[in-house]
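A.B. asks: Sequence:
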Amino acid sequence: FSQLYKNKQFVDVSLRAEQSEFPCHKNVLAASSPYFLVMFSTSLAEGQQNCITLQDMEARTLELVLEYIYNGQVSLTEDTVQNLLSAANLFQLIPLRDGCAEFMMSHVTVSNCIGVFFFAKAHQCNVLALKAKEIINNKFPLLCKQQEFLSLPVDKLVEIVSDDDLNVTTEETVYEACMAWVGEDQETRKSHLVEVMNCVRFANISSYYFCDKIDTCPLLQENSELRCLLDTIRCYHMLKNRQQEMDVKLMPRRGMVYERGVMIIANPYTEDVLKKYNSMEMLLPKTGEVIHICKLPQSLYTP
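For the sequence shown, my numbering assigns the number -5 to the initial residue and increments by one for each residue that follows.
Each hint should be verified, as a subset may be incorrect.
To be verified - FRET-style restraints, in silico, Cβ to Cβ: (1) 219 - 274: 48 to 56 angstroms; (2) 229 - 256: 36 to 44 angstroms; (3) 50 - 274: 54 to 62 angstroms; (4) 86 - 185: 15 to 23 angstroms; (5) 188 - 39: 18 to 26 angstroms; (6) 4 - 66: 18 to 26 angstroms; (7) 96 - 228: 44 to 52 angstroms; (8) 192 - 100: 45 to 53 angstroms.
As the list claims (entries may be wrong) - As a list, the in silico BS3-like pairs of lysine-lysine whose alpha-carbon atoms are at most 30 angstroms apart: (9) 0 - 20; (10) 115 - 2; (11) 2 - 20; (12) 115 - 150; (13) 207 - 115; (14) 133 - 150; (15) 207 - 133; (16) 184 - 133; (17) 150 - 139; (18) 184 - 207; (19) 184 - 139; (20) 207 - 139; (21) 150 - 184; (22) 115 - 139; (23) 115 - 133.
Simulated from the structure, these hints should not be mistaken for lab results. Cβ coordinates follow ideal geometry from the N, Cα and C atoms, glycine included.
All chains, full assembly: derive it from the sequences and hints.
C.D. replies: Have a look at this one:
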């Protein structure tokens, strides 16, 4: 069939994208794609046409799809893979979709992981979405300074900053990221302040930072609903013996949860041991992992 496609022999339908037409064979398309099988085996209007126009598809993308259908393989590049995955999803070419997702997984970075995450979710690429979300959570302190983060629509911002698995050591990082997002277009975004600030777990912010930076913020104080929230948090920090009575978010983020470990230090009085062990390490009993902390100071070598 590859040669017949190349020579345009016995073709009985054409696919059109942008200004380009691709002569094809209905039986090959139907055998390869459930999308085309339904189109050609029912009374759909498109299936009765000699030339089928595919809206919102680039000619280059359609060319690559047909290359895959007729040859069983296709070359992937960073410039073409995202559109190709979308087309593979549309035509229900699952192996092609999964191959594109695997390619994208190897090219996910801090600068593109947000876009990849929401793209993967929209196309049911769960493994790719998990990979991108892992980078979002683990690299959040760096990622929140990226333009991709600052340009997010509010619903996607809320989805990210609400996550328990954000790997931040302090909740202040999340608060500052949210305020930076608002500041990117303050006049438009201040209407979303309540929704965004409700994602911040103010009870986990230090009382000093709260008093110095948050309680005195004019943008927050001018909103009556947020003033009530700040009043509650102020009471939470001041009335420690009544904290359990207050309805505040207390769940710490993943990066704030400490894990117990066993420190391993070589015996400084045994010369043979010092020759073999010259570092301080930590054993994590939960996973069995041993983490290198630092080298022992030179003074321990001296009797």
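A.B. asks: Determine for every hint whether it applies to the structure shown.
C.D. replies: Status of the hints after comparison with the structure:
1. Look at residue 219 against residue 274: about 50 angstroms separates their beta carbons, and that is inside 48 to 56 angstroms.
2. Against the hinted window of 36 to 44 angstroms, the Cβ-Cβ separation of residue 229 and residue 256 comes to about 40 angstroms, which satisfies the hint.
3. The hinted range of 54 to 62 angstroms is satisfied by residue 50 and residue 274, whose Cβ atoms lie roughly 59 angstroms apart.
4. For the pair residue 86 and residue 185, the supplied restraint of 15 to 23 angstroms is violated, since their beta-carbon distance comes to about 41 angstroms.
5. In this structure, residue 188 and residue 39 break the distance hint of 18 to 26 angstroms, their C-beta atoms being roughly 48 angstroms apart.
6. About 20 angstroms separates the C-beta atoms of residue 4 and residue 66, a value consistent with the hinted range of 18 to 26 angstroms.
7. Distance hint check for residue 96 and residue 228: the Cβ-Cβ separation is about 50 angstroms, which falls inside the suggested range of 44 to 52 angstroms.
8. For residue 192 and residue 100, the hinted distance range of 45 to 53 angstroms is not satisfied, since their beta carbons lie about 37 angstroms from each other.
9. Annotation: proposed proximity of residue 0 to residue 20 holds, straight-line Cα distance about 15 angstroms (limit 30 angstroms).
10. In summary, the hint linking residue 115 to residue 2 is not supported, as the alpha carbons are separated by about 38 angstroms, beyond the 30 angstroms threshold.
11. Proposed proximity of residue 2 and residue 20 is supported: the alpha carbons are some 13 angstroms apart, at most 30 angstroms.
12. The hinted pair formed by residue 115 and residue 150 meets the criterion: a straight-line CA distance of about 12 angstroms does not exceed 30 angstroms.
13. Annotation: proposed proximity of residue 207 to residue 115 is violated, straight-line Cα distance about 36 angstroms (limit 30 angstroms).
14. This hinted pair checks out: residue 133 and residue 150 have alpha carbons roughly 17 angstroms apart, not beyond 30 angstroms.
15. With a CA separation close to 24 angstroms, the supplied pair residue 207 and residue 133 stays within the 30 angstroms bound.
16. For the hint pairing residue 184 with residue 133, the CA-to-CA distance comes to about 26 angstroms; that is within 30 angstroms, so the pair holds.
17. At roughly 16 angstroms between alpha-carbon atoms, residue 150 and residue 139 fall within 30 angstroms of each other, so this suggested pair holds.
18. The hinted pair formed by residue 184 and residue 207 meets the criterion: a straight-line CA distance of about 18 angstroms does not exceed 30 angstroms.
19. Of the supplied pair hints, the one linking residue 184 and residue 139 holds, its CA atoms being roughly 19 angstroms apart against a limit of 30 angstroms.
20. For a cut-off of 30 angstroms, the pair hint linking residue 207 to residue 139 stands: about 19 angstroms separates their Cα positions.
21. A hinted pair counts as satisfied when its Cα atoms are at most 30 angstroms apart, and residue 150 with residue 184 qualifies at roughly 16 angstroms.
22. Between residue 115 and residue 139 the CA atoms are separated by roughly 23 angstroms; this keeps the pair inside 30 angstroms, and the hint holds.
23. Proposed proximity of residue 115 and residue 133 is supported: the alpha carbons are some 19 angstroms apart, at most 30 angstroms.
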